[in-house]
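Line by line, the protein sequences give chains Z and X. So for the first sequence, the numbering used here puts the first residue at 1; every next one is plus one. So for the second sequence, the numbering used here puts the first residue at 1; every next one is plus one.
Note that these hints are calculated values from the structure, not bench results. Treat each hint with caution, since some may be false.
[As the list claims (entries may be wrong)] Short, incomplete list of chain Z residues facing chain X, as computed with Cβ under 10 Å:
1) 4
2) 317
3) 400
All C-beta atoms in this analysis are idealised placements derived from N, C-alpha and C, irrespective of residue type, glycine included.
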Amino acid sequence: MIWETIRLALLALRRNKLRSALTMLGIVIGVAAVIAMVTVGQGSSRSVAASVESLGTNVLSIRPGGRGFGPGPGSSQPARPFTLRDADALADLAVVQQVSPTVSSTQTVVAGSENLSASVTGATSGYLDVNGWTILRGRGFNSAEDRSGASVCIIGMTIQQTLFGTSDPIGQSLRVGKVSCEVIGLLQAKGAGTFGQDQDEIVLMPIRTVQRRMLGSDNVSSISVALAPEVSSQRGAREIEALLRDRRRISGNEANDFNISDRAQIAEVLSGINSVLTGMLSSVAAVSLLVGGIGIMNIMLVSVTERTREIGIRLAVGAEASQVLTQFLVEAVVLSLVGGIIGVIFGLALAFGASLFMAIPFAPQVYVVVLAFAFSALIGVIFGFFPARKAARLDPIDALRHE
Amino acid sequence: MAGSLPKSGTPLIQLSAVSRVYGTGETEVRALDRTDLVIEKGEFVAIMGPSGSGKSTAMNIIGLLDRPTSGRYLFNGTEVQDLDRDRRALLRRHFLGFVFQGFNLLPRTSALENVELPLIYKGMPRQERIERARQALRKVGLDGREDHDPSQLSGGQQQRVAIARALVGAPMVILADEPTGNLDSHRSHEIMRLLQELNREDGITIVMVTHEDDIAAYARRLILFADGRIRSDSLQPERSPA
Ligand SMILES: Nc1ncnc2c1ncn2[C@@H]1O[C@H](COP(=O)(O)OP(=O)(O)OP(=O)(O)O)[C@@H](O)[C@H]1O
Ligand SMILES: [Mg+2]
Chain Z
1 MIWETIRLAL
11 LALRRNKLRS
21 ALTMLGIVIG
31 VAAVIAMVTV
41 GQGSSRSVAA
51 SVESLGTNVL
61 SIRPGGRGFG
71 PGPGSSQPAR
81 PFTLRDADAL
91 ADLAVVQQVS
101 PTVSSTQTVV
111 AGSENLSASV
121 TGATSGYLDV
131 NGWTILRGRG
141 FNSAEDRSGA
151 SVCIIGMTIQ
161 QTLFGTSDPI
171 GQSLRVGKVS
181 CEVIGLLQAK
191 GAGTFGQDQD
201 EIVLMPIRTV
211 QRRMLGSDNV
221 SSISVALAPE
231 VSSQRGAREI
241 EALLRDRRRI
251 SGNEANDFNI
261 SDRAQIAEVL
271 SGINSVLTGM
281 LSSVAAVSLL
291 VGGIGIMNIM
301 LVSVTERTRE
311 IGIRLAVGAE
321 ASQVLTQFLV
331 EAVVLSLVGG
341 IIGVIFGLAL
351 AFGASLFMAI
361 PFAPQVYVVV
371 LAFAFSALIG
381 VIFGFFPARK
391 AARLDPIDAL
401 RHE
Chain X
1 MAGSLPKSGT
11 PLIQLSAVSR
21 VYGTGETEVR
31 ALDRTDLVIE
41 KGEFVAIMGP
51 SGSGKSTAMN
61 IIGLLDRPTS
71 GRYLFNGTEV
81 QDLDRDRRAL
91 LRRHFLGFVF
101 QGFNLLPRTS
111 ALENVELPLI
121 YKGMPRQERI
131 ERARQALRKV
141 GLDGREDHDP
151 SQLSGGQQQR
161 VAIARALVGA
171 PMVILADEPT
181 GNLDSHRSHE
191 IMRLLQELNR
201 EDGITIVMVT
211 HEDDIAAYAR
221 RLILFADGRI
231 RSDSLQPERS
241 PA
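Chain X extracted, bound-state conformation:
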């Protein structure tokens, strides 16, 4: 266990012996195998590992998009592994933000409306929503692009819209599964600096999956997955913003 971080109260994420099994019998796949993992508030964690090692499976469970087959999951001190769909949706709505490899923006929908989306489900009044969405877009350096469709934006810009959408609801944690997987190296570093800033200045916990060492280097903690288990978990010197 990486236990050298100062522990402030309850951990944000605590997986205990969590397994996720797909299929049954002959075709059974143990994507996660009795994994233990603790992530404190304010951490910036990179997850690496070979393809099929269970990284995305772990992210989906942490992100309350999926449920473990067995084991316990405490989110901010609350047991969440048995919550139903709607309860998990409520937790996602209020505490989680997602950034995906494929951006996952709504097509034919302006950047502003994409960023507004989580706030709609929070029941925020329209004026306030627009104001917050504008702020978030400014934060990711996209002021002036509010009315652009995703199709009118570059990959890096689209991913920044996605980050704005993830941060607009002031989440406790942003989960990013290969956020730079579809971007060239230059754009990737832009995105990473943005995530690093969110972690440092806004104290948002960030958990990120990546295949690239220089991307993982932005995180302070590196977890290596193999065959559904954590192979190593270590702190690393943080890459300073270039």
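Bound-form chain Z, shown alone:
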């Protein structure tokens, strides 16, 4: 009998194709929105997680200046910069495995007839390890180049593709601002970073070279520190803080004029923000699913009124109240389930497109799909019940007489 009822419901829905389609639209949009939100949200948190991993673990970043961002207490006087001597001192700490002092400068990079504007990072040999880069071709800086201000550079994949296309860059000459250098290494591509920026648009030069020949100063703008294995970031930060306070002669109760941040922590905060956003957008989408359900109820109520005479005929030929109830309930559930199926397909397609566009992994979630089905069936039952009960309670004579 239930199959018969489902068949009847499908027939009734087919008799009114346009209305059925419009009714489903609400559910389709709701389900598609939820599916797309959750899938894209999941994809972007995976991409955050991946970029956290690419940072390498246990890396602390140290910058001059007070805590927090923007102007605040203590920012009235310019923060004292770091120098390479600070980096050397940090390297001598037992908790530190490697240091990577950097400076950066935006320069026009030219090779042959091609050019582009890129951020040039002055770095030491520790940079690659600390930041999780690997050399694809050529080599990194050697310790002589580290301190000598040699005219050599290492480039990222984007630079390679823009300036050299498919030809081998190693040994080629590159002009960075006013400085000429020889390309000694090509970095393995990393892709988009946490903020969606292109990490491969990178030019590395020995820090001395950038300091002397581009910036004209001995300052170091930040120092990244890879901690030794087994050293917690808390302990590392504590020892680094103590050393720097001592070197910078900050007395007992004075605030630090530098700050130490744990990049893994930043990434965690980011992924937290990401999941809050995903949650919020998904709840908005869920509300639209609810609105879709109310749409179903509305149409089913209209349908019951419009089909009063049909209901009367069914009752006259011997339909029981429960059979009329089931018929209308099944109609509502079929509507919302079919809407759910279309919504899932549509939502996944949408998420796939968005993932491509945002360059994040496409991460469909089986549980969300299952949940969306279950939820749309539930919506059909909940919002179909009231109209169905109304239909089942009609008086046969009144229903037959209905114009």
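Given chain Z's structure and the hints, the job is docking chain X with the ligands onto it.
Chain X with the ligands in isolation, oriented as in the chain Z frame:
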């Protein structure tokens, strides 16, 4: 009482002092007033009377679509006046067929599916249903029109579909409230010959309301209603099929 018919066992329909009152107090309408009526199996009864005299009210009670306010109703020997909705639905499903003035076919639904409808609620398998519905349509002379919508059929054809729907479940009685009310004279007589045939050849009891003498003439028994009561009840020479 029209007591001259041979009585074979229990009467099919037996109303005893049945009243049906609509509304209360000032607005009270006594549509049926302590009516007694006995209809035997196999009868062909025509009910006539002025508008508002309670004919449809009586038909609805006989057809178990409505319940009497007071009085007893024995259907095939069983008391049915106090049955609940679903029990009455079951009796309608298995023993009753209806033909209405306004045809009351499902719109946008083929003739075949309209005729199938009662069988669906009987829980009959699909193949058998289709077979029976085809037979019923053949019986009313509509073979070849199985796939037509009501909108593609004339009034007379629609009423024949309705008759096919009423007879497809092999009911004991067909109740027809003004079955020819919306039809011209020619079609009306076609419908009446069909009902007469069902009564004679298949032994289906027929109770029919009409306003026209020449339609009532097809029945063997004529009951006249006035003010919610039976004014006269008489046998009449049956009109021979033309
Ligand atoms: N649902 C109702 N509510 C109130 N009064 C009703 C209702 N149905 C019928 N009546 C009243 O009951 C009386 C009998 O009505 P009924 O429909 O049985 O008449 P009828 O003999 O079939 O008339 P007609 O020949 O016009 O069809 C009428 O006075 C009518 O107004
Ligand atoms: Mg009437």
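Hints and how they fare:
no.	hint	result
1	4	holds (6 Å)
2	317	holds (4 Å)
3	400	holds (6 Å)
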